Amino acid sequence: MNELKIGQTISEDYTVTSADLASKLGSGSVDVLATPRLVALMEGVCARMLNTYLPEGITSVGSEVHIKHLAPTVEGVTIHLTAKLTESDGRKFTFEVEAFDNVGLISTCTHERASIKRESYLKRVAERAKQ
Numbered sequence: 001m002n003e004l005k006i007g008q009t010i011s012e013d014y015t016v017t018s019a020d021l022a023s024k025l026g027s028g029s030v031d032v033l034a035t036p037r038l039v040a041l042m043e044g045v046c047a048r049m050l051n052t053y054l055p056e057g058i059t060s061v062g063s064e065v066h067i068k069h070l071a072p073t074v075e076g077v078t079i080h081l082t083a084k085l086t087e088s089d090g091r092k093f094t095f096e097v098e099a100f101d102n103v104g105l106i107s108t109c110t111h112e113r114a115s116i117k118r119e120s121y122l123k124r125v126a127e128r129a130k131q
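According to the working numbering, the sequence shown is numbered sequentially starting from 1.
Simulated from the structure, these hints should not be mistaken for laboratory data. Fair warning: this is a prediction, and the values are worked out from it, not measured in the lab. Virtual Cβ for every residue (Gly too), placed ideally from N, Cα, C. Among the hints, erroneous ones may be present.
So the derived label-pair ranges between C-beta atoms look like this [said to hold, decoys possible]:
{"id": "1", "residue 1": "K92", "residue 2": "G44", "range": "15 to 23 Å"}
{"id": "2", "residue 1": "V74", "residue 2": "G26", "range": "16 to 24 Å"}
{"id": "3", "residue 1": "T110", "residue 2": "T52", "range": "20 to 28 Å"}
{"id": "4", "residue 1": "N102", "residue 2": "A126", "range": "39 to 47 Å"}
{"id": "5", "residue 1": "R91", "residue 2": "A71", "range": "33 to 41 Å"}
Calculated lysine to aspartate or glutamate pairs in the EDC-like style (CA-CA distance at most 20 Å, straight line) [stated by the list, open to error]:
{"id": "6", "residue 1": "K5", "residue 2": "E98"}
{"id": "7", "residue 1": "K84", "residue 2": "D101"}
{"id": "8", "residue 1": "K5", "residue 2": "D89"}
{"id": "9", "residue 1": "K92", "residue 2": "E119"}
Please model the entire structure based on the sequences and the hints provided.
Shown next as structure tokens:
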């Protein structure tokens, strides 16, 4: 397995659909990319980058998000997301993420993920579900 290095990046493109709009998700009343959906996209790109480097039985969960949603994006527009690993202590991983549409920068985000033992985490989830 290759080692994940500080400064490493990953980029993905995503085309905004009607299901991604604030008016559909209930986070607003206008037909623009919803901030909660943008957070999920930014978290997702970081998770996909990190999880490919984690050993079997280990996965990651989001633990912190700081986002600035700077500009509106409408349905049908493709956004470009780039995540960069900026810090790691081997258990916690911090990413800086930027999202652009065809006009320019739409969002910046700092996202932290924690590596966890999948099976023990799922046991905790099941215990909480019983309460």
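Verification of the hints:
no.	hint	result
1	K92 <-> G44: 15 to 23 Å	holds, 18 Å
2	V74 <-> G26: 16 to 24 Å	holds, 18 Å
3	T110 <-> T52: 20 to 28 Å	holds, 21 Å
4	N102 <-> A126: 39 to 47 Å	holds, 45 Å
5	R91 <-> A71: 33 to 41 Å	holds, 34 Å
6	K5 <-> E98	holds, 19 Å
7	K84 <-> D101	holds, 18 Å
8	K5 <-> D89	holds, 11 Å
9	K92 <-> E119	holds, 18 Å
Of the numbered hints listed earlier, not one is contradicted by the structure.
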